[in-house]
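Colleague: Taken in order, these protein sequences are the chains called Z and G. Under this note's numbering, the first residue of the first sequence is numbered 1, with each subsequent residue one higher. Under this note's numbering, the first residue of the second sequence is numbered 262, with each subsequent residue one higher.
Rather than coming from a laboratory, the hints here were simulated on the basis of the structure. Source: prediction; values computed, not measured. Among these hints, one or two may not hold up.
[To be verified] Keeping only pairs whose Cα atoms sit at most 25 Å apart, straight-line, the calculated BS3-like set for lysine-lysine is:
| # | chain 1 | residue 1 | chain 2 | residue 2 |
| --- | --- | --- | --- | --- |
| 1 | G | K301 | Z | K243 |
| 2 | G | K491 | Z | K207 |
| 3 | G | K301 | Z | K73 |
| 4 | G | K301 | Z | K25 |
| 5 | G | K491 | G | K581 |
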Amino acid sequence: MLRRTLPSSMRAVVGVKHAVDYTIKVQVKGGQVVKDVRHSMNPFDEIAMEAAVQLKEKGIVSEVVAVTIGNAKAVECVRVAMSLGADRSVHVVGDQTAIDNLETLQVAKIFAKLHEELQGDIYLMGKQAIDDDQCHTPQMLAGLLNIPQGTFAAGLTVADDKSSVTVQREVDDGHQTVNVSLPAVVSCDLRLNTPRFPNIRNIMKAKKMPVNTMKIEDLGIDLTPRTATLEISAPEARKGGGKVADVDELINKLKNEAKAI
Amino acid sequence: MLRVSLRTARWAHAKVTDADIAAFKEILGEKNVLTEDLDKYSKDWLGKYEGECPAVVKPEDAEMTSKIMKYCNEKNIAVVPQAGNTGLVGGSVPTGGEIVLSVEKMNTITSIDGISRVVESGAGVVLQSLEDALLPHNLTVPLDLAAKGSCCIGGNVATNAGGIRFLRYGSLHQSVLGLRVVTATGDILDLRNKLPKDNTGYDLKQLFIGSEGTLGIITDVVLQVPSEMKSSNVALLGCETFDGVLRTMQHARSELGEIISALEFADARSVEMSLSHTGNDHPFADGERPKYYLLIETLGSNEDHDMEKLGNFLDDVLSKDVVTGTIAQDGTQTKNLWAVRENITVSFKDFGKHNLKYDVSLPTSDFYKCVEDTQARLDQEVGKGECDVVGFGHIGDGNLHLNVISNNPNVSPSMEPWLYEWLTERGGRYVFFLLFALCYL
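Whenever a hint applies, use it, and build me the whole structure from the sequences.
Modeller: Put into structure tokens, the structure is as follows:
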């Protein structure tokens, strides 16, 4: 996607997902995940929002747009984003079945479609959603838009001329620093920042701010799932440990019970 | 004027011998009697009180408890009953030569009835474990306190613990339906009723609730538990005047009504100390640092209804006494807001070697006057700048935690009996009756 002229002011688009709350003990009943539980903004997306707001406070970004794709209740997610500092928001809404069947490729395609209008200079997203842990969307979005990506950001610096961004990435054996030209997609990792609490007056104001609502079926994107879920089950309950009297018993248990040797 | 004497008479109990230890092992089994590495049982949670402890015994049920108590009664051996050992006033540790009888082995949850919402469990079940067991039944425990992960239900009942949900679920005198208790002579009192309404005979179990192990050892508890509420909200509000806090609280009561589940107060210094201790960011990102904080929690069955009530309430108080605030947006922020309140006590040791703690009940309108008058008195009697006096606590229940933090070891004489007289004049009470516990040792 060709770059328009270097912006004097940048627009940050932040993807925020209305996901199962981090503190909920997820239960599986009848082969299905119990979904009627508390939902809140995906914690990594909170970090992305904080990054966007900090860029705005520094005068680097002049507008923050929050985008969520979800059921009717997901509007809460963009209201929170607006109470934190998003200037406007988009809520792509679908019924529960459509949202349940949504896969990361379609989510990326929706963002790519929205880019036609939003023309974001930087896309900030959490590295993954904590309910499905897919970690696909930011990377796929970058591919669809043919723009660079800086993923698992633990550090983020926009160049003075706003032509590129330096991302310090968390990788398995340490850090890797990359410099990518803008526009780009950046996915945010745990250590990038500590999200702030929203101010109560902003929370009340955000309740009354308009939200641009779009129906998911109106975007002209093929939402047919490409995967089928075969089975959902809860992880095995952790069995208690035990003490052994001596090495012989240990070997016996490793061999005959744990079948580890 | 009330004059209180702090002199106590020690009971001349027997010294524990090897023969006694052997007898304990005979009754309970070798593994249930400890004579070494007893710090976990002989030292209190604050590390302030410690006594010589000849043995720790851990009966597995009421029968074993009864046999131990019979033996100790015959031999004149003193016993300190202990549950989670999370108390803050030295009530659960020996002062010299008593054995500790720990209920930790009585940790089975006997039954949960999801329809009548009744749970029966051993006294040694940790409160958090009880909550976890109730969750799949859509039930929850009727009390919540910072020590949840370590305190046991038996100890909660024995001390009639209040906690942060007292406002919503009331006292344990109300929630406890039945108990099994072993008396000092070894009699087993089986008062395990499971029915919410039972007016037959005398309600003997009430005597043991809050008796702090002085009348008997609770081995089993039958509790009426409430349904779990799905929608919860926590807001932290700041006010510049204490009258503003009181007015905001009144608005909360009338506008939030039945969904209020906790109302907690803290002054600026308590919050400062708590945040300094945890290293967390201040929840007010706008930089405002009000003089008084009010934490409000709501629990209800419908998120939309609760949010509407909360929204109306906040619209109202934001135009009046509330200068700033925040609402937790997810489970983690909820924990962090509560952490501000929960870490106040543990932070004190960072600011002074000596901490005098007073858990008092008094008319709510006198709440902060107690803190101000105490600070004024200590500035005068001990010296300006010597003591930090802070107040926080369950403002919804009229229960203040008054704390004096200082590096000066001689502050008590300026506080006692002055504070008791001050409270008595205003119809207040010292809630954690430390004197009561000391009399029986």
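Colleague: Each hint: holds or not?
Modeller: Checked hints:
1. K301/G <-> K243/Z: holds (21 Å)
2. K491/G <-> K207/Z: holds (22 Å)
3. K301/G <-> K73/Z: Violated: K301/G and K73/Z sit about 49 Å apart, past 25 Å.
4. K301/G <-> K25/Z: Violated, at about 31 Å.
5. K491/G <-> K581/G: Answer violated: K491/G to K581/G is near 30 Å, above 25 Å.
Checked against the numbered hints above, the structure breaks hints 3, 4 and 5 and satisfies the rest.
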